[in-house]
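Chains as they are written, first to last, in this note's numbering: chain A, 23 to 404; chain B, 23 to 404; chain C, 57 to 587; chain D, 42 to 358.
It is possible that some hints are incorrect.
[To be verified] Pairs of lysine-lysine, DSS-like flavour, derived with a Cα cap of 30 Å:
{"hint": "1", "chain 1": "A", "residue 1": "K297", "chain 2": "C", "residue 2": "K70"}
{"hint": "2", "chain 1": "B", "residue 1": "K297", "chain 2": "C", "residue 2": "K199"}
{"hint": "3", "chain 1": "D", "residue 1": "K65", "chain 2": "B", "residue 2": "K123"}
{"hint": "4", "chain 1": "A", "residue 1": "K298", "chain 2": "C", "residue 2": "K437"}
{"hint": "5", "chain 1": "C", "residue 1": "K180", "chain 2": "C", "residue 2": "K221"}
{"hint": "6", "chain 1": "B", "residue 1": "K297", "chain 2": "C", "residue 2": "K437"}
{"hint": "7", "chain 1": "A", "residue 1": "K386", "chain 2": "B", "residue 2": "K298"}
{"hint": "8", "chain 1": "C", "residue 1": "K333", "chain 2": "B", "residue 2": "K298"}
{"hint": "9", "chain 1": "B", "residue 1": "K298", "chain 2": "C", "residue 2": "K176"}
What the hints contain is simulated information worked out from the structure, not anything from laboratory work. Fair warning: this is a prediction, and the values are worked out from it, not measured in the lab.
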Amino acid sequence: MNGLALSKTDVGKGLITWSSLASKQALAMVGVFLVLVITFQIMSDGLFLTPRNLTLLMRQGAIVSIVAMGVAILIIKGEIDLSTGSAVYLCGVAAALMQTKLGLPVVPTVVLTILCGIVLGAWQGVWAVVLGVPSFVVTLAGLLAFRGTGYYLTDAATLAPMSPSYTALSEGFVSIPMTYTILGAVWLLSSAYLLMTARQSHASTPVIPLVVLTAVIGVSAWIFVGYRGIPNAVLWVAVCFAILWFLMDRTAYGRNSYLIGSNHEAARLAGIPIKKYLLSGFVLMGVLYGVAATLMTARLSASTPTSGLYLELDAIAAAVIGGISLRGGIGKVGGALVGAALLVTIDNGMSILNISTFVQMMVKGMVLLLALAADVTLNKKK
Amino acid sequence: MNGLALSKTDVGKGLITWSSLASKQALAMVGVFLVLVITFQIMSDGLFLTPRNLTLLMRQGAIVSIVAMGVAILIIKGEIDLSTGSAVYLCGVAAALMQTKLGLPVVPTVVLTILCGIVLGAWQGVWAVVLGVPSFVVTLAGLLAFRGTGYYLTDAATLAPMSPSYTALSEGFVSIPMTYTILGAVWLLSSAYLLMTARQSHASTPVIPLVVLTAVIGVSAWIFVGYRGIPNAVLWVAVCFAILWFLMDRTAYGRNSYLIGSNHEAARLAGIPIKKYLLSGFVLMGVLYGVAATLMTARLSASTPTSGLYLELDAIAAAVIGGISLRGGIGKVGGALVGAALLVTIDNGMSILNISTFVQMMVKGMVLLLALAADVTLNKKK
Amino acid sequence: MTQDVRLSIEGITKEFGGVPAVSEARFSVGAGETLVLLGENGAGKSTLMKVLAGVYPLGTYAGSFRLDGVEAQFRNVREAEQNGVVLVPQELHVAPNLSIAENILMGMLPTRFGIVDRAKARQKAKQCLDFFELDVDPDVPAKSLSASEQRLIMISAALAKSAAKVLILDEPTASLTDGEAEHLFEKMEQVRATGVATIYITHRLDEIERVCDRAVVMRNGAVVLETPDVQGRRSEFIRAMIGHDPAVDASLNRAAPGAEILEVRDLWVRGSSATSKPHVCGVSLSARAGEILGLFGLVGAGRTELASAVFGAWRGDVTGDVRINGVAGRPTSPGEGIARGVGMLTEDRKRSGLIEGQSVLRNISAASLGRVCKAGVIHSKNERARAESLARDLDLRPPNIDAMVENFSGGNQQKIMLARWMATDPDLLIVDEPTYGVDVGARYAIYERLRALSKDGTAILMISSDIEEIMHEADRILVMYKGQIAGEFEPGVSRRELMAAATGETHVPSFDAVPTTIPFKQEKQKIGVAI
Amino acid sequence: EDDDIKIAVAMKTQVQRRWAFDRKAMEQEAERQGVELIFQYANDNPTLQASQVENLLSQQPDVLILVPVDSAAAGSIVRSAQEAGVPVVGYDIGVSTAKLDYFVMRNNGLVGELQAQAAMEFAPKGNFALIKGDPGNDVAQSIAASYDRILPNADGVEIVFDQFVNGWSPQTALSNAENILSANDDNVKAFVTANDGMASGVAQAIIARDLAGKVFLSGLDAESANLRLIADGVQTMTVWTDLTDHGIAAVKAAVSIAKGEEPTFSEMVDLGAGEVPTHLVIVEEINSDNLCDFVVSGAPEGWTSVDEVFDDPSACN
Ligand SMILES: Nc1ncnc2c1ncn2[C@@H]1O[C@H](COP(=O)(O)OP(=O)(O)OP(=O)(O)O)[C@@H](O)[C@H]1O
Ligand SMILES: Nc1ncnc2c1ncn2[C@@H]1O[C@H](COP(=O)(O)OP(=O)(O)OP(=O)(O)O)[C@@H](O)[C@H]1O
Ligand SMILES: O[C@@H]1[C@@H](O)[C@H](O)OC[C@H]1O
Ligand SMILES: [Mg+2]
Ligand SMILES: [Mg+2]
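This is chain A alone, in the form it adopts within the complex (with noise of 0.2 Å):
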């Protein structure tokens, strides 16, 4: 409402790199986050805040992070995907049918996964945008028919087990020295980017965005050293979401992505190419319901028939939370991932303090609506 005012101060310069990594929503959110840790500390008496169960916690949060990156780009798009869940248990089976069956190496299996999660992709947006189908239609019914096809491949049963190797590409950790070589990596490099595009832009030394980049590293390599070094699922995590925010913070693809979202037929007009960027839109999601059926098969070293049910549900709620609104155009990627770790958080907290399923299905729900009440309430007051 009144930006106008704001960021015309260099302080003001230097945030939006970071805001740009996450909307103004979602960083609301992650004080919310913070009071959640706080009381699960405390609750815990001390369990929730060690390096082991925060690294297990990112990586159980690292398939539902994936499928809501994907599905945040295409609402941001002004399309909808309900069909993750079904579509990476069928990538799932592929995977599985692969590893059991075919006795393939990893890396054919995970290039073949994906390239069958392009084709559910490029099924789905080939209704959704040549044919004109409503996305939400299109996606219901692969959410229906994907399934049923798994199903049917497999007679609904479990396929396993997988390699050791492969169920290592999500189970498995990057060792402690790789570990602190890869932080390093990120630290200088991150570090190198804000000061680059502080002088670009003659703003002074960002110092907060460096302190806060400093901590965060510093954190992650307690979480990280203090366990058994960097889960492969979160390295996975990263890497798309490193991939992900460029492509759509960065790139003209990205830019045009919001543009159609925001008004369709001014983006037409400005002569963007609708139709081929919903198309890839789908497209991408399908590379990652590939990525994310690797995922869910090497935690499992498993297909199974229920894999990815409500899958769906949690992902386009972990992008609603983190800022990424159903009309289109608006939220960033980085949004999703807050959103999802705070579903995972809830999720990790309550399972550790033994607290009734029942109960948690109440309270997780009081929680959803207490941060995003919180949240509605701040963003209003500003």
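Given the structure of chain A, go ahead and fit chains B, C and D with the ligands onto it with the hints provided.
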């Protein structure tokens, strides 16, 4: 685009009354529907189109129809409800507790169940409307919390049995003479209404609508009298539809609801108390939770912990298939009914053909896609 | 003419995030008086009017105003209307899928026991439509009306509201044709006769003497001039609005036309269905570098369709030859159009121009992001520098490229749209109603920019319904009538000749020889039949 | 160093009444033995279960009792526990992809056999409808496998309907039953139904056609509501798994393992990853003949009561 040239003739005038029952899109859907019916009829050796099967089919679709109409109204107003499945379950728990533990008679049970629905609806309404949390999140929280509460209250046990007179609320039939009386009365009132509106707008006698009406009533008589009369569940749907159609199409309340969904800002500037309308939409949805819960517990003569699972998805799908646009302001309550009919026809038809569940899921997905694609294509040409 | 004071504004101040949009505004309007409110884009006119009409409710602004001597305290629009303050806002709020009747009667549908009295609604709507002699079925969806028709029905709807005491019209004529505007003025006369006080906002200074009694000029949120009459004060108004004397008329300074950039031969444009009536019927024209080619006509003449087809944006059927920069072939998408050096500033800013929810920067870059990208990656320093310089060039106010576009005043939004197309560095720039809702100062700025572009070798095709604009700014004028070119004129042409061509009074090789009468009736014809 | 034994229990779901009684039996035994139990419920989501076991393991239990959501997918869970030095006692559902340290099971294949055999006893020939459980569920698959082994080959048995029901949904089972009766003009002799939840749905269809007592209807779990249906003559039989025996055996075994002792077992069972010492839990058919016995003395406390099952409070005197 060229709506101006149309409806200048008298033929067009007469049709308006009909199209007000269901949108153009829903009418296209009726065509798809016919194709399905014929297919099932042939493949089932004439079993599909028997009074008995059609009666059962209608009864099977009652719950999703009721919920779909409510969701349709919320969507028309620009909101959404993901909690319907859990809310109906929780109201069902209340009903079952009243019947099995408190031994309440039928009428108080129904009234209190509806009251319970109103409370749930109002609760969500307050968060969404007064506190401004997006209804997607509020009702997602409801999806979790309502089911959690139901499980907490019952330890996830099945509560049964309900009294026979309660069960009859859904499973009983209107006697054959009464069925004739009701159908006759509907025919008389509807034709009188058609003639009256035609006279008011100085159009010629609405021959086509009258013929269609008579045919519909005739077919209904064949179905219901051919089996055991109108199933009570169908009567509930008919009454709800009549009320909601009238509400949305004929009253200022309904028209203002469309305005709110279509252009929020315009509605605000026109002095329409938006919050009251949205809040009442959630409360109305609450009434329908209660009605659906009554039908559900009466049908099973029990409240079971899985009842209502995925109902929200079916209901929204029915609404969307029936032409209610997720952008708000577009669609008719009757469309939701057509959508529900399509879904239940697919389920029933494939069930009597004894097709494997897995293939059913695939076929259902494909039918949805083809139905909407046909619809998009048809409506484009016009 | 001054009677009792109807409305007196007593020092109203309204801020957005600490920045005042209106500061200490103070003036009054008498019963039966028409007051024109003038001011640059962003001067605060609309904001002040929204305060009066309850859009910004009590408590969100400082100061007060009195209605018939009683302090007015409106908590919402409905209360304002009940007290007789009726606003027709600058931005139309139409519910496109609802019927025309329901749009006209928004929030005041006639009911009996809560049930809509459809017959009465139809009849009321019909009355409103008759007011502007629009012959349309009140039961069809509002989206089937053109923008100007939509505005007309909203004005008549406002007038129909019970017992208006103060009628506020915020730039009603911006999207009306002269004929429609003339009709509106007649109606305003009738309304005034009933003792209503009218506040009239416009950027078309030539209208003032025709309809207004008194003028108030705002600048930077404050009232800077109040005059007892309006005759012969045009330059005084302009000076008060922009704070200094207007720049010299840039159009005097013309360049010699260069190479032919656009050539169109026998172009036909139809809707998507085969049976629909053609919008453009065999038009041929050419435009040269360094030339501003004016395209005049009445609404519905087919100019927008012609331009869309040339740009590659038309969704329906197109036949005919187009040659751009010597390369033959019609662009088949706006993207291709842009790639071949064409830009098009669209007429319907809100629907097809502005990308709301996004910043000025992103709006400016929308059509030319590739120019500030390396391998698909945005070079944000270059992007910002470019947008900042365009914003400075066009005097965007406030000059903040990170603000959301929806927070800018109408005229400034138009500048942002122009900036978008200037950023593409086009060889052929089509501007459809380029000064829609733009103040005098900015208007000259836009003319100046267009002239400068043309001097730099851009061919400009200027579509306008503003006859003065066409006469002053175009180097050559084509007039369209019913999808055909009805004449070509030099700048010195008279108003009368242009109007005659635009209404089909001059002899043209007629596509369908429907005899026509006055301009307004002409449009009525168009609406009544199919589009 | 505390020497309290801590046993982690990863349950497959809380959304079914029986698990509360499994838990109660376990808790009673744990109290007797003075050991601590911590529970997690995965609500039929295998990925969630993997996470929950991770969370349990970070609380460093001595033994893990695992009710797998998925037999095959549980392999990696079992291995991760064993790698962390925590032995695993399987419960109710086997693990095919890793070797358990101990296993307490209900013989699900036997459940299907009991149901199919009772059906053939009730109706030696005629139209049979097979209403199987959730296709993604191992229990449903094992029961279905028994049906498929026995019924299609039986003389005179005509299978007119054979479908899984997603999520064991009673509504779907009811609609299916209605459609089956309609398609066969009520000429159906048996609804071989995999569990009680679905059976209560099917019962409605049977009652609506006045077929109570004339068609066979089976179930599993001996839910109170279904016991009543048996008393009313609508449902023919259900199968009871002795949950008390089930829970006690698991905790006993877990405690012995924690103490480094060898737990007692009834036989060695190979579920696909090697032989595991196994305690087989008693399964029992409940029908109108032994209904009173079960209600009065067989069922664990709180499971059911005469009032809930019979209209006549003196029915079992
Ligand atoms: N909702 C808003 N939030 C923030 N700033 C606003 C908002 N609405 C208007 N403004 C600012 O207030 C100032 C006055 O705007 P206003 O719309 O009143 O101008 P105007 O005089 O009507 O101009 P125009 O002739 O272009 O319509 C402008 O600087 C504008 O950017
Ligand atoms: N993209 C479009 N698709 C369908 N109809 C359109 C489109 N653009 C305009 N129209 C309709 O075509 C009719 C004639 O077009 P339009 O009025 O834009 O012509 P014009 O000569 O460009 O007039 P002006 O530019 O003065 O408005 C209008 O009623 C308008 O609603
Ligand atoms: O007891 C059964 C349980 O083991 C299975 O998992 O779900 C269905 C139940 O009836
Ligand atoms: Mg304005
Ligand atoms: Mg035009």
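Practice task
Could you grab the alpha-carbon distance between K333 (chain C) and K298 (chain B) and see if it respects the 30 Å cut-off?
Solution key: 46 Å, violated
Problem - Proposed proximity, K221 (chain C) with K180 (chain C) (alpha carbon, max 30 Å) - result: 20 Å, holds
Exercise for the section: Decide if the proposed pair is consistent with the structure: K386 (chain A) and K298 (chain B), CA atoms, cutoff 30 Å inclusive. Expected result: 28 Å, holds
Problem - Agreement of K297 (chain B) and K437 (chain C) with the hint, judged by alpha carbon distance not exceeding 30 Å - result: 45 Å, violated
Handout entry: Distance restraint between K65 (chain D) and K123 (chain B), which requires alpha-carbon spacing of 30 Å or less
Key = With a Cα-Cα distance of about 23 Å, the restraint between K65 (chain D) and K123 (chain B) holds, given a limit of 30 Å.
Practice task
Would you check the hint for K297 (chain B) and K199 (chain C), treating anything up to 30 Å between C-alpha atoms as holding?
Solution key: Given that 30 Å is the threshold and the Cα spacing comes to 26 Å, the pair holds.
Handout entry: Pair hint K297 (chain A) and K70 (chain C), alpha-carbon separation not exceeding 30 Å
Key = 44 Å, violated
Practice task
Starting from K298 (chain B), check that the Cα of K176 (chain C) is at most 30 Å away, please.
Solution key: 26 Å, holds
Practice task
Assess, step by step, whether the Cα of K298 (chain A) is no farther than 30 Å from the Cα of K437 (chain C), and give holds or violated.
Solution key: 28 Å, holds
Going through the hint list in order, the structure does not satisfy hints 1, 6 and 8.
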